[in-house]
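Since the structure of chain A is provided, determine the placement of chains B, C, D, E and F on it from the hints.
Number of protein chains: 6
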Amino acid sequence: MPVVRIDMWEGRTLEQKDDLIREVTEAVVKALKVSHQDVVVILSEVSKDHWGVGGQRSSRKK
Amino acid sequence: MPVVRIDMWEGRTLEQKDDLIREVTEAVVKALKVSHQDVVVILSEVSKDHWGVGGQRSSRKK
Amino acid sequence: MPVVRIDMWEGRTLEQKDDLIREVTEAVVKALKVSHQDVVVILSEVSKDHWGVGGQRSSRKK
Amino acid sequence: MPVVRIDMWEGRTLEQKDDLIREVTEAVVKALKVSHQDVVVILSEVSKDHWGVGGQRSSRKK
Amino acid sequence: MPVVRIDMWEGRTLEQKDDLIREVTEAVVKALKVSHQDVVVILSEVSKDHWGVGGQRSSRKK
Amino acid sequence: MPVVRIDMWEGRTLEQKDDLIREVTEAVVKALKVSHQDVVVILSEVSKDHWGVGGQRSSRKK
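Chains as they are written, first to last, in this note's numbering: chain A, 1 to 62; chain B, 101 to 162; chain C, 201 to 262; chain D, 301 to 362; chain E, 401 to 462; chain F, 501 to 562.
It should be emphasised that the hints constitute simulated quantities derived from the structure, not laboratory data. Careful, some of the hints might be misleading.
Claimed, not checked - Straight-line C-alpha distance at most 25 Å; calculated DMTMM-like pairs for lysine to aspartate or glutamate:
hint: 1; chain 1: E; residue 1: 430; chain 2: A; residue 2: 49
hint: 2; chain 1: C; residue 1: 261; chain 2: F; residue 2: 545
hint: 3; chain 1: F; residue 1: 533; chain 2: E; residue 2: 419
hint: 4; chain 1: B; residue 1: 148; chain 2: E; residue 2: 410
Source: prediction; values computed, not measured.
Same shape as in the complex, but just chain A (with noise of 0.2 Å):
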């Protein structure tokens, strides 16, 4: 019973969000061999205001 978590910058359409669901949900199943209905996936997203790399944040960037 996998429980994956996402953290990504905001901004994706559904239908990317249901293709991520989708797919990771599929991966998780083929490398443990899990049923699809025990992955759990929850995205977060992340404003790239709150989103930091190199010390700055990630809206900053040109």
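Chains B, C, D, E and F in isolation, oriented as in the chain A frame:
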């Protein structure tokens, strides 16, 4: 000083969230013999669009 | 389908952990009106060396 | 730059974990159109003693 | 490649968040001798309604 | 009352971890104007076998 994080679908009332914080804190206090003030509970509401089970977002389920 | 994660200091007995899982699950069921089978609780034991409050690891406190 | 965290029961082989990291990365790349190097996957093995469903630790299930 | 996640009450200014990302990155670089580009900081704002201490949500405290 | 969680590769000395807790706490205090006692830092050591970048576990990198 336990830290409890609860991911759940959005849509609960403030009263339900108050209940959740209070009840979970009591549960932790009772099981671990810590003081109430040492228990931190952080609620995280997740859209059903962002919560997938079985490869499909929960907002799709009828 | 709430997912509860509890970070706590290591050193609890298996019985205490069983209590914790049971009591917290009951608390979530009661507050959110979900079924028991929908509640996932994940315990995460943290060494006092790895838990800092006030800038100091907790294993240092007398 | 998505960060993926997977909580799962302990006991997988190194080969399974390699598969998991590779397959999940591919899934994220495909769904979000990011580059492979931007995907971070962190696996977290959880003892069945520490994973509760329905109020009961998973190590108790026969 | 440390990943730092900070849960905090909502309500900080963008300037405070910039300071936080920069200062925490510097702290990690200094303590762990990693390069700036290897440090990811993810800020997560939590409503005081969703943050409980002592069994009570923080928005209730006077 | 910020809660800071740091995922990092295992293998740091206790002294480095002490530095990390102290420095990160100072950084949060400085940026957010909170008191030292309100800052919780939780370190989480991750095996390089469990940390993947670019689809490959970090223990594989030469």
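Each hint tested on the structure:
Our distance criterion of 25 Å between C-alpha atoms is met by residue 430(E) and residue 49(A), whose separation comes to about 24 Å. At roughly 22 Å between alpha-carbon atoms, residue 261(C) and residue 545(F) fall within 25 Å of each other, so this suggested pair holds. Taking the CA atoms of residue 533(F) and residue 419(E), the gap is about 11 Å. The hint holds against a cut of 25 Å. Straight-line distance between C-alpha atoms of residue 148(B) and residue 410(E) comes to about 22 Å, which keeps the hinted pair within the 25 Å bound.
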